[in-house]
Amino acid sequence: MLRQLPLKDLFLEYRLFSSRTIVLLVFSGLLLLVLFSRLLYLQVIAHEHFTTLSDDNRVKLRAIAPSRGLIYDRNGIILAENLPSYRLEITAEQIDDMPATLAALEEIIHISETDRSRFEKLLKRKPRFEAVPLRFHLSDEEVARFSINRHRFPGVDIQAGLARHYPLGSLGVHALGYVGRIDEQTLKILDSSNYSGTTHVGKTGVEKSYETVLHGTVGLEHVEITAQGRVLRVLKRIPPVPGNNLYLTLDSRLQAAAEKAFGDYAGSAIALDPKTSDILAMVSLPAYDPNPFVNGIEYADYTALREDEKEPLFNRALRGQYPPGSTVKPFIGLAGLEQGITSHQSSTYCPGFYSLPSSTRKYRDWKRTGHGTMKLDDAITQSCDVYFYDLAWSMGIDRIHDYLQHFGFGKQTGIDIQGELPGLLPSPGWKRARRGEPWFPGETIITGIGQGFFLTTPLQLATATATLANRGLRMKPNIIQAELQAGSSALQPPVRRIDETIAVNDPGHWDAVIDGMIHVVHGDRGTARRIGHDSPYRIAGKTGTAQVFGLKEEEEYDAEAIEEKLRDHALFIAFAPVDDPQIVVAIIVENGGSGSGVAAPIARAIMDSYLVDKAP
Amino acid sequence: MRPRLPTSHQDASRRGWQYRLHIDAPLLFALISVSILGLMVLYSAGSEEAGLIQRQLIRLGIAFAGMFAVAQITPQVLQRMTPWVFVAGILLLLAVLIMGEVSGGAQRWLDLYIIRFQPSEMMKLAVPMMVAWYLADVRLPPNRYQLLAGGVIITVPVLMIAKQPDLGTAVLIASSGFFVLFLAGLQWRLLGFLTALAAAATPLLWHFMHDYQRQRVITFLNPGNDPLGTGYHIIQSKIAIGSGGVFGKGWLNGTQSQLDFLPERSTDFIFAVLGEEFGFAGILLLFAFYIFIIIRGTVIAIHAQDTFTRLLAGSLAMTFFVYVIVNTGMVTGLLPVVGLPLPMISYGGTSIVTLLAGFGMLMSIQTHRKLLPT
Numbered sequence: 039m040l041r042q043l044p045l046k047d048l049f050l051e052y053r054l055f056s057s058r059t060i061v062l063l064v065f066s067g068l069l070l071l072v073l074f075s076r077l078l079y080l081q082v083i084a085h086e087h088f089t090t091l092s093d094d095n096r097v098k099l100r101a102i103a104p105s106r107g108l109i110y111d112r113n114g115i116i117l118a119e120n121l122p123s124y125r126l127e128i129t130a131e132q133i134d135d136m137p138a139t140l141a142a143l144e145e146i147i148h149i150s151e152t153d154r155s156r157f158e159k160l161l162k163r164k165p166r167f168e169a170v171p172l173r174f175h176l177s178d179e180e181v182a183r184f185s186i187n188r189h190r191f192p193g194v195d196i197q198a199g200l201a202r203h204y205p206l207g208s209l210g211v212h213a214l215g216y217v218g219r220i221d222e223q224t225l226k227i228l229d230s231s232n233y234s235g236t237t238h239v240g241k242t243g244v245e246k247s248y249e250t251v252l253h254g255t256v257g258l259e260h261v262e263i264t265a266q267g268r269v270l271r272v273l274k275r276i277p278p279v280p281g282n283n284l285y286l287t288l289d290s291r292l293q294a295a296a297e298k299a300f301g302d303y304a305g306s307a308i309a310l311d312p313k314t315s316d317i318l319a320m321v322s323l324p325a326y327d328p329n330p331f332v333n334g335i336e337y338a339d340y341t342a343l344r345e346d347e348k349e350p351l352f353n354r355a356l357r358g359q360y361p362p363g364s365t366v367k368p369f370i371g372l373a374g375l376e377q378g379i380t381s382h383q384s385s386t387y388c389p390g391f392y393s394l395p396s397s398t399r400k401y402r403d404w405k406r407t408g409h410g411t412m413k414l415d416d417a418i419t420q421s422c423d424v425y426f427y428d429l430a431w432s433m434g435i436d437r438i439h440d441y442l443q444h445f446g447f448g449k450q451t452g453i454d455i456q457g458e459l460p461g462l463l464p465s466p467g468w469k470r471a472r473r474g475e476p477w478f479p480g481e482t483i484i485t486g487i488g489q490g491f492f493l494t495t496p497l498q499l500a501t502a503t504a505t506l507a508n509r510g511l512r513m514k515p516n517i518i519q520a521e522l523q524a525g526s527s528a529l530q531p532p533v534r535r536i537d538e539t540i541a542v543n544d545p546g547h548w549d550a551v552i553d554g555m556i557h558v559v560h561g562d563r564g565t566a567r568r569i570g571h572d573s574p575y576r577i578a579g580k581t582g583t584a585q586v587f588g589l590k591e592e593e594e595y596d597a598e599a600i601e602e603k604l605r606d607h608a609l610f611i612a613f614a615p616v617d618d619p620q621i622v623v624a625i626i627v628e629n630g631g632s633g634s635g636v637a638a639p640i641a642r643a644i645m646d647s648y649l650v651d652k653a654p
Numbered sequence: 088m089r090p091r092l093p094t095s096h097q098d099a100s101r102r103g104w105q106y107r108l109h110i111d112a113p114l115l116f117a118l119i120s121v122s123i124l125g126l127m128v129l130y131s132a133g134s135e136e137a138g139l140i141q142r143q144l145i146r147l148g149i150a151f152a153g154m155f156a157v158a159q160i161t162p163q164v165l166q167r168m169t170p171w172v173f174v175a176g177i178l179l180l181l182a183v184l185i186m187g188e189v190s191g192g193a194q195r196w197l198d199l200y201i202i203r204f205q206p207s208e209m210m211k212l213a214v215p216m217m218v219a220w221y222l223a224d225v226r227l228p229p230n231r232y233q234l235l236a237g238g239v240i241i242t243v244p245v246l247m248i249a250k251q252p253d254l255g256t257a258v259l260i261a262s263s264g265f266f267v268l269f270l271a272g273l274q275w276r277l278l279g280f281l282t283a284l285a286a287a288a289t290p291l292l293w294h295f296m297h298d299y300q301r302q303r304v305i306t307f308l309n310p311g312n313d314p315l316g317t318g319y320h321i322i323q324s325k326i327a328i329g330s331g332g333v334f335g336k337g338w339l340n341g342t343q344s345q346l347d348f349l350p351e352r353s354t355d356f357i358f359a360v361l362g363e364e365f366g367f368a369g370i371l372l373l374f375a376f377y378i379f380i381i382i383r384g385t386v387i388a389i390h391a392q393d394t395f396t397r398l399l400a401g402s403l404a405m406t407f408f409v410y411v412i413v414n415t416g417m418v419t420g421l422l423p424v425v426g427l428p429l430p431m432i433s434y435g436g437t438s439i440v441t442l443l444a445g446f447g448m449l450m451s452i453q454t455h456r457k458l459l460p461t
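Here the protein sequences come in this chain order: A and B. Position in the first sequence counted from 1, then plus 38, gives you the numbering used here. Position in the second sequence counted from 1, then plus 87, gives you the numbering used here.
Relax, there's no trap hidden among the hints.
With a straight-line cut-off of 25 Å between C-alpha atoms, the simulated SDA-like cross-links for lysine to any residue are:
id : chain 1 : residue 1 : chain 2 : residue 2
1  : A       : Lys98     : B       : Asp347
2  : A       : Lys162    : A       : Glu262
3  : A       : Lys274    : A       : Glu262
4  : A       : Lys98     : B       : Trp338
5  : A       : Lys98     : B       : Leu339
6  : A       : Lys274    : B       : Leu339
7  : A       : Lys274    : B       : Asp347
8  : A       : Lys98     : A       : Glu259
9  : B       : Lys457    : A       : Leu50
10 : A       : Lys313    : A       : Arg509
11 : A       : Lys162    : A       : His175
12 : A       : Lys162    : B       : Asp347
13 : A       : Lys164    : B       : Asp347
14 : A       : Lys164    : B       : Tyr319
15 : B       : Lys457    : A       : Tyr52
16 : A       : Lys274    : B       : Trp338
17 : B       : Lys457    : A       : Asp47
18 : A       : Lys98     : B       : Tyr319
Quick partial rundown of chain B residues pointing at chain A, CB under 7 Å, derived from the structure:
id : residue
19 : Leu227
20 : Phe269
21 : Ile326
22 : Ile328
23 : Ser330
24 : Thr342
25 : Gln343
26 : Leu346
27 : Asp347
28 : Arg397
29 : Met405
30 : Phe408
31 : Ile412
32 : Thr415
33 : Leu421
Bear in mind the hints are in silico, worked out from the structure with no lab data behind them. All of these numbers come straight from a predicted model, not from anything done at the bench. Here a beta-carbon is modelled for each residue, glycine too, at the ideal position from N, C-alpha and C.
If we strip away everything but chain A, and leave its shape as in the complex, we get (with noise of 0.2 Å):
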């Protein structure tokens, strides 16, 4: 029963609440229809823009490194290759107890100070599903040592990658080059997005100028991860482009015996193929290996390396600027016959000194009882000073540059590697701009024996001499043979670009330097006889000392009584066989005393490796 009270209207009551029910009713409605109306923005109107979101949420690229490509030289022999690395990973959260872990792991892996520091660092950094880098590198014992054991250690593992490998050690660095871990500086250069997964990049040499064709284009994979970033699934994968292969022009066994036949000499080679201008063998001495460059050098031998005197990091094939001394003869010889200054019947007395009418400074020949008197193929073959310094004066220094510079000295061959320096071929015009000096009348004598300003580096000097042997063609000296694109079988050779051809007034003149230079190997009084008389075949060359201590006027050179830091570089340019040139070499021995005593065997030795070692 319902209490009854007086004053209560029950009927009212029920009206009163009925109304407002359906008011309520109502606005519950409309708040409803806002709601409703927000869904349909947010799941109809707005639904491509919210799956767009919800994609970029669980979608992330992921880098794939590409395979660098492989370098051969020009006879399939590997120079670069890309070896297995392996490398302990730890996965945090599968780990109990961490220092005891490590604890255990020390006992089978060396794990250094700076192993763990940069671990400890990374993990902290990382989150605890990703496994995080404790060594890189492991030995193969290492390795097998792990894998015994690995029923101990849940969470660790063994991860293999790639690591460039030079299986030829220090042989013909200096050309190759090597890769190193990106630095900061380099990463921002490179195109970031192509060298995402990438670690390593060209440092210097074939490595380093070739990084494009070599390093390849990157893979992409979709992968679906969650919030934390746990990788769930692969959505999709984009393979990447392995870099392409390279052969070099480079013979391996040539560039062996070429650096065997320096002895502990330092300096550098060149040996290139005068019909291609391919180079067979760069040397630059002392060398070093590349190989622990790859991954990071230790401090204390990366400052070893530094600090030595001979300079092993230096590349003196490219960069090495020296004097061409006597070298330089024929080229002098060549411009005075073609200008008509001197002909192969005129001749010069030489008295053992050069003085101008004007003054009374003697430039000295280097024998010092002079050779008497003297035509161009007596003046090559004798390396007479005297002769040269005349017809140097009678040309004056204007058309002795214009002249060289036919031959590619005083600027870059323009190689394919990175760093060339141009040597120097003086003139007065140089001079004033650089120095702010006018020119002296002694420093155009001295010009006409490749010294004083006048400095080439030893590819340049191979070039000229090339250019000789081609009687005049001049072409740009090549490092690559050809290019294998991945996945194709076919080479693509490069592009051979001729620079000059440089016209005569009359052929014979060729015939003229050229004879002088086979007289300096094979005749009586050469300078280089000694390795002439037993050679097989007929060689083109001429010696060359070049100063780095200058003597004053009186003084004696003893190359005894100096030390040897200051003994004249050794230089040595040749051409063989005459008839149908094979062989182009330079050779620079630093402090090597005599270009006839040092440089020439050197330059024999490479040849017969070439012409006459050569498989059939």
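Following the hints, put chain B in place on chain A, whose structure we already have.
Showing chain B alone in chain A's frame:
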């Protein structure tokens, strides 16, 4: 004179099983349907947590049992119990404020050694009961003194709960009390005055808010403000719902939900999981059940035979709607984030028990009606 009440057409069903067991079949059917849908969504949302579904099932079992138990209590007994329940609730809230357990930065729990207990849950039912009890003997519409008394009954526990702080529950309890006053005939003029007063008091409210509550309001007004901090929840839930589209990504296939991008996805933000995996269609289905439950509750209220039961039933039905609209509004970014679960769906203990106890009262009111002479 006794008013004619529209009960005659129901006489035929009076003898049915529903009346013997004191169960309202339509309500029961809708509640079970929502629970099944909720378990499905929860299974997907909490897939990586073992035992989640089992625990929720046990909770649902206890809650439904509680509902049946409450349904057996006659409205008259409920009415008599009301003041005692209310006073006990106030005392327990006091106890919480003095010696409650701190959990998640808020002091809400009371450890009774046997069970951990949130007295604020009890007040969800005790407050509307108390206001309805107070107005049961009053000539309606109530005069302003009676309204003031009703206001005090509501405000005291609401302030105590807001202080814990538990803004969501405070809002819910305040609205349940308000619905009783409104259904009893709160004058429109007074309502307008109160609304204006509330608007004027907003800056004052801001002053009393905790930092995290202010942050929530700021985030609501500008979610892009702090996308990885406080705005993260709402940004991710909008992405989940929006990317679900009309038909959803399919059960267990929601990337936002399955890949951990959606926070609180088995509790307060479970609506976003539903929206992502079942799309607009799934949401419509859920709302079909919800609307049915609210309409059924309102019908029971209209059929109620006295002031106490009518006001109580009306308030319970409307409070359920507030529950739904506040949670879905918050998850869709229409309202600031207040920690309220989605009724019957969200994972969580006491709220389901309280909710179903309330429905037990509705069933009791519906099935304990007296046969009235026509």
